[in-house]
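Undergrad: For this one, chain A is given, so just place chains B, C and D on it according to the hints.
Protein chains in written order, with our numbering: chain A, 57 to 388; chain B, 57 to 388; chain C, 57 to 388; chain D, 57 to 388.
There may be inaccurate statements among the hints.
Each pair of labels, with its calculated beta carbon distance range [to be verified]:
#, chain 1, residue 1, chain 2, residue 2, range
1, C, 215, D, 295, 19 to 27 angstroms
2, A, 69, D, 238, 54 to 62 angstroms
3, A, 111, D, 361, 47 to 55 angstroms
4, A, 322, D, 388, 44 to 52 angstroms
5, C, 212, D, 360, 33 to 41 angstroms
6, C, 360, B, 256, 56 to 64 angstroms
7, B, 204, A, 179, 51 to 59 angstroms
On the chain B side, residues computed to face chain C include the following (Cβ under 8 angstroms) [unchecked claim]:
#, residue
8, 93
9, 338
10, 341
Reference listing, derived: stretches of chain B covered by chain D, where coverage requires no fewer than 3 residues with Cβ under 8 angstroms from a Cβ of chain D [what the hints assert, rightly or not]:
#, region
11, 70–78
12, 94–105
13, 117–131
14, 184–196
For the record, the hints were derived by calculation from the structure and aren't laboratory data.
All of these numbers come straight from a predicted model, not from anything done at the bench.
Cβ coordinates follow ideal geometry from the N, Cα and C atoms, glycine included.
These are the residues of each chain, in order.
There are 4 protein chains.
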Amino acid sequence: MSEDSRETFDHDPVAHAEARAGMTVGELAAEYGSAGFGAGALHEAVDIYAEMLGDDVTNFVGLAGAMVPAGMRQVVADLLRDGHVDALVTTGANLTHDTIEAIGGHHHHGEEPAEAERRAHDEQLREEGVDRIYDVYLPQEHFTAFESHLRSEVFPALAEAGSVSIQRLTAELGRANAEVNAAEGVDANPGIAAAAHEADVPVYCPAVQDSVLGLQAWMYGQTSDFSLDALADMDRLTDQAYHAEEAGALVVGGGVPKNFVLQTMLVSPDAYDYGVQLTMDPPQTGGLSGATLDEARSWGKLERAARNVSVYADATVTLPLLVAAARERVGE
Amino acid sequence: MSEDSRETFDHDPVAHAEARAGMTVGELAAEYGSAGFGAGALHEAVDIYAEMLGDDVTNFVGLAGAMVPAGMRQVVADLLRDGHVDALVTTGANLTHDTIEAIGGHHHHGEEPAEAERRAHDEQLREEGVDRIYDVYLPQEHFTAFESHLRSEVFPALAEAGSVSIQRLTAELGRANAEVNAAEGVDANPGIAAAAHEADVPVYCPAVQDSVLGLQAWMYGQTSDFSLDALADMDRLTDQAYHAEEAGALVVGGGVPKNFVLQTMLVSPDAYDYGVQLTMDPPQTGGLSGATLDEARSWGKLERAARNVSVYADATVTLPLLVAAARERVGE
Amino acid sequence: MSEDSRETFDHDPVAHAEARAGMTVGELAAEYGSAGFGAGALHEAVDIYAEMLGDDVTNFVGLAGAMVPAGMRQVVADLLRDGHVDALVTTGANLTHDTIEAIGGHHHHGEEPAEAERRAHDEQLREEGVDRIYDVYLPQEHFTAFESHLRSEVFPALAEAGSVSIQRLTAELGRANAEVNAAEGVDANPGIAAAAHEADVPVYCPAVQDSVLGLQAWMYGQTSDFSLDALADMDRLTDQAYHAEEAGALVVGGGVPKNFVLQTMLVSPDAYDYGVQLTMDPPQTGGLSGATLDEARSWGKLERAARNVSVYADATVTLPLLVAAARERVGE
Amino acid sequence: MSEDSRETFDHDPVAHAEARAGMTVGELAAEYGSAGFGAGALHEAVDIYAEMLGDDVTNFVGLAGAMVPAGMRQVVADLLRDGHVDALVTTGANLTHDTIEAIGGHHHHGEEPAEAERRAHDEQLREEGVDRIYDVYLPQEHFTAFESHLRSEVFPALAEAGSVSIQRLTAELGRANAEVNAAEGVDANPGIAAAAHEADVPVYCPAVQDSVLGLQAWMYGQTSDFSLDALADMDRLTDQAYHAEEAGALVVGGGVPKNFVLQTMLVSPDAYDYGVQLTMDPPQTGGLSGATLDEARSWGKLERAARNVSVYADATVTLPLLVAAARERVGE
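This is chain A alone, in the form it adopts within the complex:
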């Protein structure tokens, strides 16, 4: 071994994590810094995300898939409320499920508390009118209430609007969800779209037609002068990227939200200075969802000097942990 590499190994030893009763989440994250593998990556993620919570960073958040049915709705809404999200890119599914809860509906844990999905009977669920999302159940009747809400509170505001941006639709959704919640007697959590509305944060939803929200918009458009312009949101989003002093990307899951957050930098002179990715999609399939953020650097989506990390572990576990630890770190 050369002197040089020996020197290298005089610092930064693996010190072994401790797990103590009563420790805070921030203390746990600090312990992860003693470890390697996923724990080490998560510690690094907390470190980077704490920097991203600083005032100078414009934060773009990608929220994939089924994070709302899985129970991550409040974590994201709170980040919006506290000014930690400047642009949210998500799926029509998340907005659909967010709204279902905003108007009083609920998702439910599968009947078996743990590995329930293996014993679930999807045929029987179909008969009973229950949709399954892994181990979360949703009675289909909630979609009827969702449709009513859209047709009475959301779409009318757009009925004569002609072709509007998708972000305009999500803003109306947020307004309506907030209003319903403010009404007397409604005991429900206003959620993500409402929080974005109140914080005046744009919610982008590139594949909105790929959701029940989109299906309803399509049906409404058939009897009104209403349509959605697929390209119009690029103006505002690109503008946000262009004017960001420093830019950070928090990517939860993969798919379109991840790619849309990253590709924004292709039409901007700069790129992301910070990148944190929480995913369980494996990189070795070659798919974008599991790709490392290093790969994004080759495309110029991350600055060469950007701090970035990918944590390969269930995002329902790591997102609340990341947020609690980073908030503790910055003294919120």
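TA: Frame of chain A; chains B, C and D shown alone:
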């Protein structure tokens, strides 16, 4: 053990696969039928897909992510040419990379034949103007040629069209790609969009703005009377689902293409009779991409009696194998 | 929807996790209970493990692979010290790396804090005499010190012992590691084997020959009257299972430690009453490492009424979290 | 882009795989060479394994976990018969299930042809006396026949042997399995242990006690002068590594078989010249099972110039494909 269950175990033993020099892919798939785990699932997939190749089945194909850069372009183009695809749902990325090759560009294997990605230097690639997609490299200069092609051959046909469906854009892309290929002196493979154009098969691309194709469309729209209607494609797609005698879904990878293929049945009185899914996304994350097709049954996207199977293995391995074996089975 | 299923859905709604600055790990785990997917499973795991920490439960712990190099050494040592492990099944690799640290060696974080492994140069590491374990580095010189320790402090006690059980070897290792640590001037953490020695907990290591510890034992045996009996440990382990009032299995990772913990119940009249598995191996490969604990129930390794859960997420993240939260729950 | 890198990109374009009816497996593997991701890796694996089938290469094969129940028994037995295996490292589970079939027992496909495991009722299986291995079922009564076979045909040859190597036990098992098969009226496939016996290939099984075979050996040893020496096999295995002109490692799955094949080179002056790994364990967990073979190079287990590749896809799919294609390539 009861008599009943003993009876059960008189049939269907695991017989152990053989691997012989010179055997055909169809013979290999038959051997998989002797095995369990992924091999057994792949055998079942061949069985189902061979039925789907019959004349009465309307086939909806979802093609996710990076399947074109990964080399699956010809397999899909050939299925289109031979009448085995009735609706294709894919990503803007796949159409972008498909077109880059149609006009003479190329993707390249990473320099290291095998686990090259681990040694790759994404920073250096950035300096050299090379984009990385796992172990596939793409010189960025091809995006300039792609832009020229769009601006000279594709977009002008839509310049005065106002708001058009996304499928209209993909159709013009297919026409242009075919024309360029028919021109003298061009030595390139026309590919997926061109094959769809020639077979008159609609190509749906719900999140088209989430791609370089979409970015170019957005920029073109800023100086012309051209925009894309996010909802307009639902008419034709829903119509296809409605009129299908029998419907089959071949889903390669997850994301929007998978969900869009499946959700179509939410607004149709019927559902899929056949479902084959090739993916390596893990179901235990709860994400849609890795979800079993059984889960889709609880939503009414698959018929209760549908034949369906999920093969959890790299789709670049399983797709060509599935197609070759099913084609052999039906005597093509 | 029937009245019955409606009734079902009156309870147990997904309530959405909160992530607050300063919350304890136990509070975070409680929030996970509001969520689904992996978070819900981890909450269930904390619930079960808190029960397992009760006095009447005999706890068998399986610790796979590279958990010591990854920084999980102290968590396990503390569990041993506090009486929460009655039998530990692990790998020769873990014991080797545990001992290297006990005598003053260190593992090191790879030079790049995060996704370092992708830029690592294994050829160069080879030249520099550094072994890589994902993102953890180990200078090979530590193996020389390890060999000296074995030959001076451990093996001599067995030189004339003839054929001994593997557990006897691990006990001598623990004794020697503890003694070295008690010696003046040594500033190192005694670790797992030492803690097991001090708590008089047997450490089983079925595939000990599959490690550097095993290689050294083999070489020592060639010049002494010392050998290891592969079967002798079954007496004590089976005895422990037989006499357990209630039995719990905490399985961290898969492989031999997982299977050996579980199979013990094949020769016992009873089976596990509690099972918690932390793994990131996917179940859909069919391998034992990722298999659900439900599968173990079909073999009679778990009681029919056992409480069990599998958490599919990086164990370096979930193990400290599980332990801290369960300890907080039981008021340690 | 520099001239240099431009030059790089004049060669080796992704050419796109074709999937034709009637093509051979070797032709399919050649098509994979046109693709990237897993298909490209599998093509490389065929290329390397075809070289490994040459006369000068000593082949060490690691066969993990549940490959025999999954239906890979004949592929491995045929490789043994044809001289393509010089040392086999496997699990007690594989040998147990191999023997169950050699004496007339059978594994069975789960009742549901495809995603059956999700509907399986492990509690009911327990009641019916059926063990489940993912989607493969095994009636427990076969274990009774297995015990009789061991006690009448295998163990008596070792009753007075004292402490023997594990390889001696597996050799007696192979002999007995072959003899039972040669007996009149037995209609069963002799399998792996028998093929190894007939080809005089040693079968190593480091964690034999971690299996039903091991449990039976332990019980037999309690009433006879028989025990297993955990370390004795290292002599012969190391000798094989030492005398190999060229050495190749074919690693199917992870765990002890993988590590034991690789670590052999730690006590040999040379290292592997060829390495092919078929696995679906993800590398990003940090576990040995999913680790790349590059990592093994840092330990000196592979030659710096070795050709090596890891294929991340279900091994029940890729093993038969690899073997058939490589056999076709070398003209067997």
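Undergrad: So, against the hints stated earlier in the document, which numbers end up violated here?
TA: none
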